[in-house]
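Participant: Single-letter residue listing:
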Amino acid sequence: MIPSSRDVVLGRIRNALGPDRAARANAAVQRRSDIPVWTRPVFLDDDTERFIAKAEASFCTVERLASINGAGEAVERLLAVRGPDRDLSIAPSLIKMPWPQSWKINFGAGRLIEKVSITDALAGIAETGSLVFCSEASRPASLNFLPELHIAVLRRCDIVHHLEDIWPKVRALPVWPRAVNIVSAPSRTADVAQIVVRPAHGPKALHILLVEELP
Amino acid sequence: MTAHPLNFDRRVAAGLGDEGLQKSLSALKGSFVAARGRAVLALPEFEALRDDGKAIKDHTLANLDAYLETYEAAVIARGGHVHWARDAAEARDIVRAICKQAGARTVTKGKSMVSEEIELNAALEADGLEVVETDAGEYILQLGREMPSHIVMPTVHKTTEQIADLFQKHHAAHGFPDRTLDAAELIGQVRSVLRGKYFKADVGITGANFLVAETGSNIIVTNEGNGDLTSTLARVHIVTTGIEKVVPTLEDLSVMLRLLARSALGSEITSYTTLSTGPRRPGDLDGPEAYHVVLIDNGRANMLSGHFREMLRCIRCGACMNHCPVYMSVGGHAYGSVYPGPMGAVLTPMISGHEAAGELPHACTLNGRCQSVCPVKIPLPDLLRRLRHEQWEQKLVSGTVRFGISAWAWLALRPRLYRATTSLAMRVLGRLGRSKGAFRWLPLASGWTDGRDLPAPEGLTFSELWARRQQR
Ligand code: SF4
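Line by line, the protein sequences are chains A and B.
As numbered in our numbering, the first sequence has no gaps in its residue numbers, which increase by one up to the final residue, 215.
As numbered in our numbering, the second sequence has no gaps in its residue numbers, which increase by one up to the final residue, 472.
Any given hint could be a false lead.
Straight-line C-alpha distance at most 27 Å; calculated BS3-like pairs for lysine-lysine [unchecked claim]:
| no. | chain 1 | residue 1 | chain 2 | residue 2 |
| --- | --- | --- | --- | --- |
| 1 | A | K115 | A | K104 |
| 2 | A | K169 | A | K96 |
| 3 | A | K115 | A | K204 |
| 4 | A | K115 | B | K197 |
| 5 | B | K54 | B | K377 |
| 6 | B | K23 | B | K169 |
| 7 | B | K29 | B | K377 |
| 8 | A | K104 | B | K200 |
| 9 | B | K200 | A | K115 |
| 10 | A | K204 | A | K104 |
| 11 | A | K204 | B | K377 |
| 12 | B | K200 | A | K204 |
| 13 | B | K100 | B | K200 |
| 14 | B | K169 | B | K197 |
| 15 | B | K54 | B | K100 |
Per label pair, the in silico range of CB-to-CB distance [to be verified]:
| no. | chain 1 | residue 1 | chain 2 | residue 2 | range |
| --- | --- | --- | --- | --- | --- |
| 16 | A | T48 | B | P455 | 55 to 65 Å |
| 17 | A | A23 | B | G306 | 38 to 48 Å |
| 18 | A | A23 | B | G20 | 49 to 59 Å |
The set of hints was computed from the structure by calculation and includes no laboratory data.
Quick caveat, the model's predicted, so the values are computed rather than measured.
All C-beta atoms, glycine included, are put in the ideal place defined by N, C-alpha and C.
Build out the structure end to end from the sequences listed, making use of the hints.
Facilitator: Rendered as structure tokens:
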């Protein structure tokens, strides 16, 4: 019988690593329960302050709101410069929020022409000022990448200290998401003569609504 | 991988004489090298993180069969498919078969060095597929039918003028008839031309910066967002990746991400870091219907035995080339391989064979900066030295060089004669070069003097100077 490529490649690896296959399998299993504690950057600043400072340093804008009920007005203020057209895509997870009646809203996946989208983040990371989005039926990942202006809703209590602190939250979801998007800045490129240009393919601007509470 | 390093000399000369390239390379020093320096300074834990990164990769490589099986099981458990490829040809065939099965016509691609390594685009185009590179840099190279000259900044050799010409020629049909030199407008054109392609694509192909065994995820980091549009909007997502990319857990991944962004771009983190795992879940409104991973060996498993295992720690950050005096003088194309610079000089012979790699291991001054910036502490100079040795043993070093080195060895083993010869040579050269202090040209040495001056010796040899000093 002709060996499969899987057998051939694993065979080559085993040839190189030696006969103790069971010990290696064991080491890999063991590692899941005894994850070594690796070095993490030490910082003492308040997590919220740090999150805001880092996000702003990465060309995001941050606006603090007492409640999600203020989101509609906040977005109106933001869009005032764009003229009267209000054609937005909003993640279905936010369908119950009090959005203005006058808006034309697509509660669905991203479209070819997508000016503004609003999505909600699972967590924020103080270390880097990043947002974490997990895809699911009511949270299409495409809304994080297609619009010109991406507005993200983040609850302040969902800000964690280090990057590692998001993993327990993702592991706790009922289903492991198809996409975990860690978004830290608007889209950019330096592929033309190393000149930084915003945006490349993703959003030109990322506005974060940092809310104290969600109903 | 087709490596063409056999014409290394000619390409080096071309690189040194290319004014645009020289300008870009010095800009690279000002931007990315400086930014990396600042990012490392700002993180006192960076050295400790390098040790952690090395330990993570060493542990994974020492148990690679187990981690690949764990990874494979996790992908399958989440509805994905895993394919194993012995070499480049098999990897291409696997991707072609998936495209055929999907009835694909249009393929979008995120940046993937492995797909360059296996020369995937040509194979797919030969099957009649429309292949669209979506990373702005890779897109520019695709229009120009060129190879990347850097693993992170593929277009580092291209000037704005050249890109403007290319776009004027190709973008008129897309409603951009005028030539522009504005970087933002040029990128705006790319955005506009590619937007529809993401939606039209049947298959989206990306690489993987890492694979996580625990979850069966592939990770891509980008600043542009093109990789995410590619993997989210196509009907089928294919990941092409080397077998060495796996790490055990999400905690290990976190360490590697901190190292990668700082070493590659001098940023704390890139705009987008995405973990993709399997196809869209029931009820999901977007994402691919099918998810395939092609795990590619292509010379890697053989590197596991012996010294070259260390090279498998490489996370493709590009820091070694940014800090290499040879790369920074001659540019990436001189290496004639998709992997240039110090990492390429080691990897190319491993993937394409010693014969194909030719002069590459010799394009190194052994100054050690690559090793000192490498986030996973790969002893690149040692590995290059070892390759030189192997080439010598396998009699792959050219006749002239062999003769020269053998003659020098013969002389060096006869100290008296050595001293007499070098002392005479230093005196002659010292006298000839006294007025200018350097030679702009020397007979038989144009290979040196075309690119730079040869400083004139002081007239005495090192041994003579040393002896004098001892007397004092
Ligand atoms: S060898 Fe080290 S420095 Fe060079 S690309 Fe690989 S990881 Fe980066």
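Participant: To test your reading of the hints: which numbers does this structure violate?
Facilitator: 11, 15, 17
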